[in-house]
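Start from the sequences and build out the full structure, keeping to the hints where you can.
Protein chains in written order, with full-length UniProt numbering: chain A, 1 to 212; chain B, 1 to 527; chain C, 1 to 321.
I should point out that these hints are in silico values taken from the structure, not numbers from a laboratory. As the structure is a prediction and not an experimental result, all values here were calculated from the model. Do not take every clue at face value.
Unchecked claim - Derived pair list, reagent style SDA-like, types lysine to any residue, alpha-carbon separation capped at 25 Å:
1. C:Lys-111 with B:Pro-438
2. C:Lys-111 with B:Ala-48
3. C:Lys-111 with B:Trp-123
4. B:Lys-11 with B:Val-104
5. C:Lys-111 with B:Ala-218
6. A:Lys-111 with A:Thr-65
7. C:Lys-111 with B:Phe-133
Stated by the list, open to error - Sample of chain A residues with no beta-carbon within 10 Å of chain B, all distances over it, derived:
8. Leu-12
9. Thr-65
10. Thr-87
11. Ile-102
12. Glu-114
13. Arg-121
14. Pro-183
15. Phe-202
16. Leu-205
Positions of the beta carbon are idealized from the N, C-alpha and C atoms, including for glycine.
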Amino acid sequence: MPEAVREPFTDLAHQRDAVALGMWAFLGQEVLFFGVLFVLYTSLRVRHPELFAAFGPLLDWRLATVMTVALLLSSFTMALAVRFAFTRVRGRLVFTLLATMILGAAFLTMKGWEYAHHLARGETPIVDLADTLAAGPGMATFFGLYFVLTGFHALHVLGGLVALAWLTLAAWRTPASDLRGSPVMAVGLYWHFVDIVWLFLFPALYLAARPT
Amino acid sequence: MKSWLTTTDHKRIALLYLGTMTLFFTLGGLLATVLRVELATPASDLVAADTYNRLFTLHGVIMVFFFLIPSIPTFLGNYLLPLMLGAPDLAFPRLNLASWYVFVAGGLLTLTAMIAGGLDTGWTFYTPYSTVFSDSHVVLAVLGVFLAGLSSVFTGINFIVTIHRLRAPGLTWLRLPLFVWSLYATSLILVLATPVLAMTLLLVAIERGLQIGIFDPATGGSPLLFQHFFWFYSHPAVYIMILPGMGVISEVIPCFSRNRPFGYAFVAASSLAIAVFGFLVWGHHMFVAGQSYFASVVFSFLSFAVAVPSGVKVFSWLGTMHRGAIWLTTPMIYALGFIALFTVGGGTGLALATLALDVHLHDTYFVVAHFHTIMVGGMLMAYLGGLHFWWPKISGRLYSERWGRIAAYILLVGFLLTFLPQFILGTQGLPRRTASYPPEYQFLQGLSSAGATILAVGYVLPAIYLLASLVRGRPAGDNPWGATGLEWQTTSPPPPHNFLDQGTLVVGDPYDYPNAPQPTIAGAGDV
Amino acid sequence: MSLPFELMPAAASTTSDAVDLVALLVFAIIGLVSLGVIVAMVWIVVRDRRRPGNLTGRGHHTATIWRTEFLFCGLTGAVFLGLFTLGAVVFDGLARVPADADALDVSVTAKRWMWSFQHPGGRRELSQLHVPAGRAVRLHLASEDVIHSFYVPAFRLKQDVVPGWQRTAWFRATAPGTYALACAEYCGTEHALMRAEVVVMPPHVYDHWLAQGDDERPPLVAAGRALFERLDCGACHESHQRRRAPPLEGLYGRTVALRDGGSVLADDDYIRRSILRPDADIVADYQSGVMPTYAGLVDDDELLLLVAYVRSLAAAEGVSP
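Spelled out as structure tokens, the structure:
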């Protein structure tokens, strides 16, 4: 896939510029998308601080720290990938893209393990309608928030992995001289954004509720 | 056929949107017809209350999310934006096609919900009714609307990038047509408000489908939080609907007044001001919902503030006509109708923003009449005006000007008869969304139903004579109205990449009507 | 007026005249402005029509444009500011719940698709609310299912009833008569039929009506007291010396200092919240985790009883620590 100038653009720099602007606009809407979740979090936390005090400690902050490190490292390899894409170093580009994917996949694996762990202990977000005594805010409310927040984030990581796989495949098939920088740059912007979301989720969920 | 379904030409995609949205509009109109027939009598006799609730919900969902929000941007905007910028296409042509497919998928999901048994939550999806109590297909419908929203976001991103990066050489920001300014403001809202609705609807689907407590007070959720989220999108969405309409009017009026726009900078800036202020007024839907007293006062104040730039538009349009050479063509009649009805609609909006008065008027027919005046009287008039104005460019043919004028007047009369009585129903205290009503309201309800019949005729007529023009209409020529935009510098309809020779484009004063060519259309000399 | 319809139902509460004045002013301004725009439009269209000799517009000077645009902004801004202020001032009067000693506290429960009412004496009614003219009526509204809205057009009164919260609204009827009460928030199949009547009676007729009520049902406060005892709330809330829980005497209507430094007004909603979610607001000098939640143990009707009981203690002795 040579980096050709496509309709409607007439020069390459212009086209790259447009791709970047488009991605920034997309990330702008992503901020609002996740913004809803953070407002939901704030609302619940203000109205029901007792839920966070009671159930927050059930979250495994050690594992989450490892996950944070994995994502931070993946952002580093992603940044390298963007650089290698623009300088057209094919081998290193493929390597850094793969490394990013492996770190992302590691994050998701740990997340999945964590989910399974919570569910196995009965820490479920599903409200049991038959159990009238459980009515009212309780464990299900807290874990509902936890699963929804981290779930949407995990879906975004998954989407990033698909995009990375596509980039890796494209880089594998393309001769070095024809490598295109702008798609890698666009996916890179997205990947960093998803990272940043986690950097807010991590303290908000795992750390804020811990006794000092 | 295949070449249409895989096209990346913005003009063809615009026409795909036109076709799809006409279908949705017809469906929404048919639903409204049943509603109006039912409301002709006080009792719930033609359809059961449950059916009535499903009908008004679908009317709202289809009209708002599948017609009013996408209509002008995705049809006229899609078609005209590259032409007005002197560009061969939008910045991301394939994304443009994808957004149409996503839109169609969303529409199909919503129709599936409708066929499977319908939706009875109202288009506002208020919780906990929608998530816990409703016995209808909420999940399917909200996913359908979610997809329509995604399509909006794609369109918005595409427009923003196109306006930033694909203006013809010499086309500076202050030379942009006012329609482009309004599309730019609209796109900002599309990109920054739609995701809030998207996530909120997903949360509704999650709460209902997976029984995870989010907005349900029984599990610690807050129905008011849902309303905040919903209106954070849905009030700006009103501006998504009306801003492009204002843009159309800002093109039509200078052309048929043969004048430069009065206060170009004010009109352009007011579009942005409306977009920005529009984000800060959502709480005026919640004056009696129990939000804090302080919040209500602030939201009321900001709602008055947003009316100032809207007023600037009306004032500037009148100024443009003043000392002009006014030519009452079909698009111009629609534009004049728009100005009058938008003034009434905006004014009644102020009545609703007035705190003490809103307590009485909130959730009554007054609100219904108010937003239909803005939507049908405003946005739809602008849509039809724009359709007629650019029809010669899009189809290459002239429609019957005589029938066009007749239809426009019929629509105006039908509109007034349908919705003016509803204002009074509201001040008298009839709540909205009621399948039956006490008999003392029948006189006004009957008037409204009668008006709707006239309105229906007014909608059928353009469909007939516009289609007829495709077969029998005379060739339009490149610039029948003697208009100044770049879109008139190419053939009608334009070639695949819009301009045969980009180099010959004359970019300058966008509204140089004093020196513009005179109309080529027959009869332009008289009247 | 000789119109075949009235613009608004006859005003019947002490606040409705002020609202009607605002309405009159706002509608007059809207009408005048709309008419002005239409007249100006027609005048321009006729005077500046396209005709031989007038085929091109004559335009305006830039200075004229800027001057008039700014003038227009200033003018509309001033008018809008006036309307806003007027609306807010009158709204302030509507929002302030009167603290009259002789005010009537009525508990209102909305559920699909009916309104039920309970008087301070314990008398319950369905779909009809009897009140005396001239006295302030405080409504304590709760919903058992979805959002409803309490709407009496003749009183110009509307208040959403949100499940999970208790809302307070009020009115003071001026003239005896029967007034329509409707649900204004769409609430499902029979939303249109969720109507009731407010019957306003002269005070002595009301007293008579109240006296002939069924005596079997214990008065609201007594029922609340009985429930209070059955749940053994007094074990903590009545034994001041043990200091496990804050006393309830004189609590209602007071501002309560909280442990986290904030403060909260002890209104219906606060008391309800404290029963369902005791740890949401911990009073200064008390501990969290002491009181169990009563969510699921008491239903909405019973909550109204408990709140009524706590309200009845407002004037009781024995608080200020």
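Each hint tested on the structure:
1. For the hint pairing Lys-111 of chain C with Pro-438 of chain B, the CA-to-CA distance comes to about 21 Å; that is within 25 Å, so the pair holds.
2. Our distance criterion of 25 Å between C-alpha atoms is met by Lys-111 of chain C and Ala-48 of chain B, whose separation comes to about 21 Å.
3. This hinted pair checks out: Lys-111 of chain C and Trp-123 of chain B have alpha carbons roughly 22 Å apart, not beyond 25 Å.
4. Simply put, Lys-11 of chain B and Val-104 of chain B have alpha-carbon atoms about 17 Å apart, close enough for the 25 Å limit, and the pair holds.
5. As the CA atoms of Lys-111 of chain C and Ala-218 of chain B are separated by approximately 15 Å, the hinted pair is consistent with the 25 Å bound.
6. For a cut-off of 25 Å, the pair hint linking Lys-111 of chain A to Thr-65 of chain A stands: about 12 Å separates their Cα positions.
7. Straight-line distance between C-alpha atoms of Lys-111 of chain C and Phe-133 of chain B comes to about 12 Å, which keeps the hinted pair within the 25 Å bound.
8. Every C-beta of chain B lies more than 10 Å from that of Leu-12 of chain A, the closest at about 13 Å, which supports listing it as non-interface.
9. No beta-carbon of chain B is positioned within 10 Å of the beta-carbon of Thr-65 of chain A; the least distance is around 27 Å.
10. Every Cβ of chain B is farther than 10 Å from the Cβ of Thr-87 of chain A; the closest lies at roughly 25 Å, confirming the non-interface assignment.
11. No Cβ of chain B comes within 10 Å of the Cβ of Ile-102 of chain A; the nearest lies about 29 Å off, and the non-interface call holds.
12. Residue placement check: Glu-114 of chain A keeps its beta carbon more than 10 Å from all beta carbons of chain B (closest about 17 Å).
13. Every C-beta of chain B lies more than 10 Å from that of Arg-121 of chain A, the closest at about 17 Å, which supports listing it as non-interface.
14. Annotated as non-interface, Pro-183 of chain A keeps its C-beta farther than 10 Å from every C-beta of chain B; the closest such distance is 13 Å.
15. At the 10 Å boundary, the C-beta of Phe-202 of chain A stays outside the reach of chain B, the nearest C-beta of that chain being 20 Å off.
16. With a least CB separation of 16 Å from chain B, Leu-205 of chain A remains clear of the 10 Å interface cut-off, as annotated.
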